[in-house]
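S.K.: Sequence:
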Amino acid sequence: MSFNLADFREYYRGNTIAQADGDTGDSSQRVGTFWVLLSFLGVKRDKNIDFYETMIKAHEIVPGRYRRSPIQDYWGSDPTNFSRDQQSILTLAFAAQGDKKRFKDSMFAVLKRGGFYQNFLRGTDDPTKYWKVPDFITLYQLGLAIRGLDLWLLYPLLLVIDLGLFLDLGFRKTHLWDADNMFAQNLFYASYRYPTPWSRIVFHLYGLTDFTERLHTYHTTSNGIKPLYDLYVAAYDRLRGIYETNRFDRVVIRIIKLCFNDKKNNRN
Numbered sequence: 005m006s007f008n009l010a011d012f013r014e015y016y017r018g019n020t021i022a023q024a025d026g027d028t029g030d031s032s033q034r035v036g037t038f039w040v041l042l043s044f045l046g047v048k049r050d051k052n053i054d055f056y057e058t059m060i061k062a063h064e065i066v067p068g069r070y071r072r073s074p075i076q077d078y079w080g081s082d083p084t085n086f087s088r089d090q091q092s093i094l095t096l097a098f099a100a101q102g103d104k105k106r107f108k109d110s111m112f113a114v115l116k117r118g119g120f121y122q123n124f125l126r127g128t129d130d131p132t133k134y135w136k137v138p139d140f141i142t143l144y145q146l147g148l149a150i151r152g153l154d155l156w157l158l159y160p161l162l163l164v165i166d167l168g169l170f171l172d173l174g175f176r177k178t179h180l181w182d183a184d185n186m187f188a189q190n191l192f193y194a195s196y197r198y199p200t201p202w203s204r205i206v207f208h209l210y211g212l213t214d215f216t217e218r219l220h221t222y223h224t225t226s227n228g229i230k231p232l233y234d235l236y237v238a239a240y241d242r243l244r245g246i247y248e249t250n251r252f253d254r255v256v257i258r259i260i261k262l263c264f265n266d267k268k269n270n271r272n
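Every number in the numbering used here is 4 more than the matching position in the sequence shown, counting from 1.
Be careful, since some hints might not be right.
Derived DSBU-like pairs: lysine-lysine, alpha-carbon spacing no greater than 35 Å straight-line [stated by the list, open to error]:
1. K104 x K51
2. K116 x K61
3. K230 x K177
4. K116 x K48
5. K177 x K104
6. K116 x K51
7. K230 x K136
8. K116 x K104
9. K48 x K105
10. K136 x K105
11. K177 x K116
12. K136 x K104
13. K105 x K61
14. K108 x K51
15. K261 x K177
The hints are simulated quantities; they were obtained by calculation from the structure and are not laboratory data. Quantities reported herein were computed from a predicted structural model and do not represent experimental measurements.
Full structure from sequences and hints, please.
M.R.: Now the structure itself:
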C-alpha cells in the first residue's frame, strides 16, 4: 500500500487535520496518529521540523497542556474537554518522533494532576458544563514511558504490561467502533520499540483479524480521514516486512499459521 502526503491537503485546516466533514473536535488525536504512523515509515520530525512544530503548536496551550482543536470559539478549543484518548495518542506521537521534551511535559502534567487527565467537564460539547471525574492514567502509560524515555533497565516491567495486549486483542470488537483506530498504533509502537515476545505475538495475531476492514470503515465515513487509513496499512506492511526477517518472528508466524490452518481444517 502506497500513500502520498499530498492526499492530506483537503483535510488540512487551521494548521491541523480535520475530518472529512470539516470537524476538528478530534484533530489532536488525528495529528498524533499522523506522526505516529509516519515514524514507522521513516518520516521523522527533524527532517520536517517546521511542519511538525506548526501542527503540534496549534494544539499546545502551554507545555504539557493541550486542546482538541485550534479553532477559536469552538467547543474543541476548550482544554477541559481534552480526554485521555486525545492526549495518549498525542503523547505516543511525541515518543515515536523522539520529541522527549514534549513527551516529558505531557507525562509530568498528568502526574502532577494525580494521574488525572484534563477533561473534568462532562462530555465534549456539553453546553451545561457539568463536572465529572476526569479520565485516569492507565498501566499502558507506564509502558509508554519506559519506551519513550529509553528506560531499558525497566524492560522486565514491559513483560508484565504487554500481557494486557492479549486482552485488548480479545476485547477490541466489544469496544467502540474506533477501537482499532486506537489499538493499532499503540500495538505497532509496542512491537517496534523495546518489543517483548508478547507484543510481537499479538502483532502477528492482529494481522489475522479484520482490523484493516474496520479501519477502512472508520476512515471512509464522515468522521474519518481516508489518507490515514492508507498510512495505517503502509505502516503495518512495513513493520511486517521488517519482522519477517527476524528468526523469532518467523517461528511465531509459522506456529500461528499451523494452528489456524488446523482450526480451518477441523471446521471443514
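S.K.: Now, for every hint given, state plainly whether the structure supports it.
M.R.: Comparing the hints with the structure gives:
no. : hint        : verdict
1   : K104 x K51  : holds (16 Å)
2   : K116 x K61  : holds (22 Å)
3   : K230 x K177 : holds (21 Å)
4   : K116 x K48  : holds (30 Å)
5   : K177 x K104 : holds (33 Å)
6   : K116 x K51  : holds (33 Å)
7   : K230 x K136 : holds (34 Å)
8   : K116 x K104 : holds (18 Å)
9   : K48 x K105  : holds (16 Å)
10  : K136 x K105 : holds (30 Å)
11  : K177 x K116 : holds (34 Å)
12  : K136 x K104 : holds (31 Å)
13  : K105 x K61  : holds (13 Å)
14  : K108 x K51  : holds (22 Å)
15  : K261 x K177 : holds (22 Å)
Going through the hint list in order, the structure satisfies each hint without exception.
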